[in-house]
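Peer 1: Note that the protein sequences, when read in sequence, are chains A and B. Sequential numbering from 0 applies to the first sequence in numbering that gives the first Met the number 0. Sequential numbering from 0 applies to the second sequence in numbering that gives the first Met the number 0.
Just so you know, not all the hints are guaranteed correct.
Across the chosen pairs, the derived CB separations fall in these ranges [claimed, not checked]: (1) A/Glu-184 to B/Ile-321: 56 to 66 Å; (2) A/Leu-59 to B/Lys-30: 29 to 39 Å; (3) B/Tyr-324 to A/Pro-102: 21 to 31 Å; (4) B/Gly-32 to A/Gly-34: 30 to 40 Å; (5) A/Lys-62 to B/Glu-467: 32 to 42 Å.
Just so you know, these hints were derived from the structure itself, not from any lab. For glycine and all other residues, C-beta sits at the position ideal for the given N, C-alpha and C.
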Amino acid sequence: MNIAGDPQSKAYGLAAEFDSASQLFHAAERLRDAGYKKFDVFSPFPIHGMDDAMGLKRSLLGKIIFIGGLTGFLTAVCLTFIPSSILYPLIVMGKPTNLYTVPAFFPILFELTILLSAFTAVFGMFIMNGLPRLNHPMFNWDRFQRVSDDKFFCVIEAKDPKFTERAAKDLLESLGGQNITKVHED
Amino acid sequence: MADASAARPSADLTPDEQAVIRPPLVLNQRKMGWIANYVSSIVEDKTPVWWWACLVPCLLLTGVLGFCIVYLISTGVGVWGNNHPVGWAWDITNFVFWIGIGHAGTLISAILFLTRQKWRTSINRAAEAMTLFAVICAAIYPGLHVGRVWMAWFLAPVPNANGIWQNFRSPLLWDVFAVSTYFTVSVLFWYTGLIPDLATLRDRAKTKIKKFFYGTLALGWRGGNRQWRHYEMAYLLLAGLSTPLVLSVHSVVSFDFATSVIPGWHTTIFPPYFVAGAIFGGFAMVLTIMIPACAIYKPLHDLVTVSHVDKMCKVIVFTGSIVGYAYIMELFMAWYSANPFEKAAFWYRAFGPFWWAYWSMMFCNVIAPQIFWFKYFRTHLVWVWIICQFPNMGMWYERFVIIATTLSRDFTPSAWAQFHPTWVDIWMFIGTFGLFFTLFLIFIRFLPMICMFEVKAVLPEADPHHGENHG
Chain A
0 MNIAGDPQSK AYGLAAEFDS ASQLFHAAER LRDAGYKKFD VFSPFPIHGM
50 DDAMGLKRSL LGKIIFIGGL TGFLTAVCLT FIPSSILYPL IVMGKPTNLY
100 TVPAFFPILF ELTILLSAFT AVFGMFIMNG LPRLNHPMFN WDRFQRVSDD
150 KFFCVIEAKD PKFTERAAKD LLESLGGQNI TKVHED
Chain B
0 MADASAARPS ADLTPDEQAV IRPPLVLNQR KMGWIANYVS SIVEDKTPVW
50 WWACLVPCLL LTGVLGFCIV YLISTGVGVW GNNHPVGWAW DITNFVFWIG
100 IGHAGTLISA ILFLTRQKWR TSINRAAEAM TLFAVICAAI YPGLHVGRVW
150 MAWFLAPVPN ANGIWQNFRS PLLWDVFAVS TYFTVSVLFW YTGLIPDLAT
200 LRDRAKTKIK KFFYGTLALG WRGGNRQWRH YEMAYLLLAG LSTPLVLSVH
250 SVVSFDFATS VIPGWHTTIF PPYFVAGAIF GGFAMVLTIM IPACAIYKPL
300 HDLVTVSHVD KMCKVIVFTG SIVGYAYIME LFMAWYSANP FEKAAFWYRA
350 FGPFWWAYWS MMFCNVIAPQ IFWFKYFRTH LVWVWIICQF PNMGMWYERF
400 VIIATTLSRD FTPSAWAQFH PTWVDIWMFI GTFGLFFTLF LIFIRFLPMI
450 CMFEVKAVLP EADPHHGENH G
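The shape of chain A in the complex, shown without the other chains (with noise of 0.2 Å):
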């Protein structure tokens, strides 16, 4: 078996290296029902319905960016009405200052609203992935690399309860995975 990074540290996992998006699909698949919690799958491009068959939950982003979003009305209700309702009250065309005023404020609502929920679908997002994280175990893998072009991979995590190395690598071998390496940390 190949190893990729420094044979004296920590394991991270077993990886093995697809042709194809159907390849990774199904591989990910039998992972799953085999009981495997600890794994991912490496693809150039979002695979339609990956998640499921990962046994992955739907993203928590969407209810994380309602609370951003929520953040940035409240801020934008604080920002309008404190300075033109309470500290420096303006007088325009005879307009109410007061709660009345508030179709005059829609604008500013909306726009921070958006602003503040596309600030947190971002960094959320980056939060959630663990970016930006510039080293990471699989990049010691030489072969990794063409992750980003057109070859697709699967790890299965070292940390993984079920995880033992004889039966790692029957699995992937049988799936058809090739080049089948133990990834070191670094």
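Model the placement of chain B on the given structure of chain A, informed by the hints.
Peer 2: For chain B alone, kept in the frame of chain A given last:
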């Protein structure tokens, strides 16, 4: 460029099946590896001579823009032709013109994403880049129009020594929020879409500088499905957020006019009419820059096919017709309202001293794009490029007609005056084109101009059930 429907292997299908089958989005059965190789090679190869030949004049024009800005700030806004009663003139015309161009990028990246128009994948990157550069060009104008540029921070609602707050009921302040939000969200959306492609460039990088540059920007993206699932959710929601945002931006821009009492401005039709016009002008600009880019990098025709151009031309003819409808409806309402000022405003637009601008607008926006009803003109790229110049010009005339013509003649004849641009007006406008194309040239040199991972995902073999029997 091959015909889109010719590349499909469809020998074993019945005629009915052949009639409904969709033409492939990527021609010549290109593989994933080819897409990554070719699109990356545009960035990785030696800098071509044409690039320098284009960059130098664009940089010179950007320098002219810089000179005009310095001259304006050091002398005062009086160097522009703006004067009573035409207080908004070329500066605001150019602002609305550039902001409008940006809208096509967001439409392609967000609205077409939500409506599952998969053909958008090969054009969205360049179109979004165009959005950012257009908004940068646009933002220059209101920034300078405030007059005393060093006071521009008064636009931001921050506590200050005078204890004065902004008027949050003013459309001009709404505009500050709308445009700055639009730019920020567009940057976030664009960068999010770039991350997987930056990872491709990182993995292919040979030199230390490139490894550092792309490696840092890619943030260590690995392409694991545990990342993709959050990524896709973020992208979907960004698209969902950008869709109402882009509609709001030009609506808010139109409020600058519509909430005033000036005849010709005080109309409820403005928001939808401005948004349609923005998409119309923006698609024309996308085609104006994409057709030459694909002509230089010919294999890109397998990704940006004639079918793409055809679809964009259909959008142009559709939105152009909405704009034409709005023009006619404005005239109808001027007559039907029985308001003498409203009637006079439109009479002066069409037959006053700026008649040439009005009829140029009518011809360029309403009549010229109608030629896209003919398939021949939608599928022959030279014709498409030539015809797209009409919306580009026409949308500038539209903003000029709405702004300068209207202001030059309001209620009292004693307040009327003509507007004449100065050399600073003219060179600043030309200079923003220099800035726009400079930024675009830098973009295609250093970043992948096609969204590689999304194009890979629309290939037939990207389907996890590809090659299986459908029972």
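Peer 1: Can you list which hints this structure breaks, lowest number first?
Peer 2: none
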